[in-house]
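Take the sequences, apply the hints, and build the full model.
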Amino acid sequence: MRTIISGLALLAIAIGGVFYGTYSTLDPCRALAQEMAEDTLGSIAERPMRLVTSQMTSRECAEGLWERWTDFDE
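Residue numbering for the sequence shown follows this note's numbering, starting at 58 and increasing by one per position.
Mixed in with the good hints there might be a few duds.
[Said to hold, decoys possible] What follows is a list of derived Cβ distance ranges for each label pair:
{"#": "1", "residue 1": "Ala71", "residue 2": "Arg116", "range": "21 to 29 Å"}
{"#": "2", "residue 1": "Leu98", "residue 2": "Met58", "range": "49 to 57 Å"}
{"#": "3", "residue 1": "Glu95", "residue 2": "Glu120", "range": "12 to 20 Å"}
{"#": "4", "residue 1": "Ile101", "residue 2": "Met58", "range": "47 to 55 Å"}
{"#": "5", "residue 1": "Pro105", "residue 2": "Gly64", "range": "38 to 46 Å"}
{"#": "6", "residue 1": "Pro105", "residue 2": "Ile62", "range": "39 to 47 Å"}
{"#": "7", "residue 1": "Ala71", "residue 2": "Glu124", "range": "16 to 24 Å"}
Since the hints were derived computationally from the structure, they do not count as laboratory data. C-beta: ideal position from N, C-alpha, C; glycine also.
Spelled out as structure tokens, the structure:
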């Protein structure tokens, strides 16, 4: 049982590390703003996109990120 919990903890740390390494933050709204900015003008548009995501909850931002990561229709 201890090994299962330890394995899950290590997995969570690894996922958090990859997320932090990619976006330099653990805040899903800032990460979503970076993703949205990349779709428009790049890093120039990050501040306006942060204004957009500031009105969203963390759950909405996480759902938006998940949709961007799993939407392969484009």
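Status of each hint after checking the structure:
1. The given range of 21 to 29 Å is respected by Ala71 and Arg116, whose C-beta atoms sit roughly 23 Å from each other.
2. For Leu98 and Met58, the Cβ-Cβ distance of about 51 Å falls inside the hinted range of 49 to 57 Å, so the restraint holds.
3. Between Glu95 and Glu120 the beta carbon distance is about 18 Å. The supplied range of 12 to 20 Å therefore holds.
4. Roughly 51 Å separates the CB atoms of Ile101 and Met58, a value that falls within the hinted 47 to 55 Å.
5. Between Pro105 and Gly64 the beta carbons are some 41 Å apart, a value that agrees with the proposed interval 38 to 46 Å.
6. Evaluation of the 39 to 47 Å hint for Pro105 and Ile62 yields a pass: the beta carbon distance comes to about 43 Å.
7. Range check, Ala71 to Glu124: Cβ separation about 23 Å, and the 16 to 24 Å hint holds.
The structure shown violates none of the earlier numbered hints.
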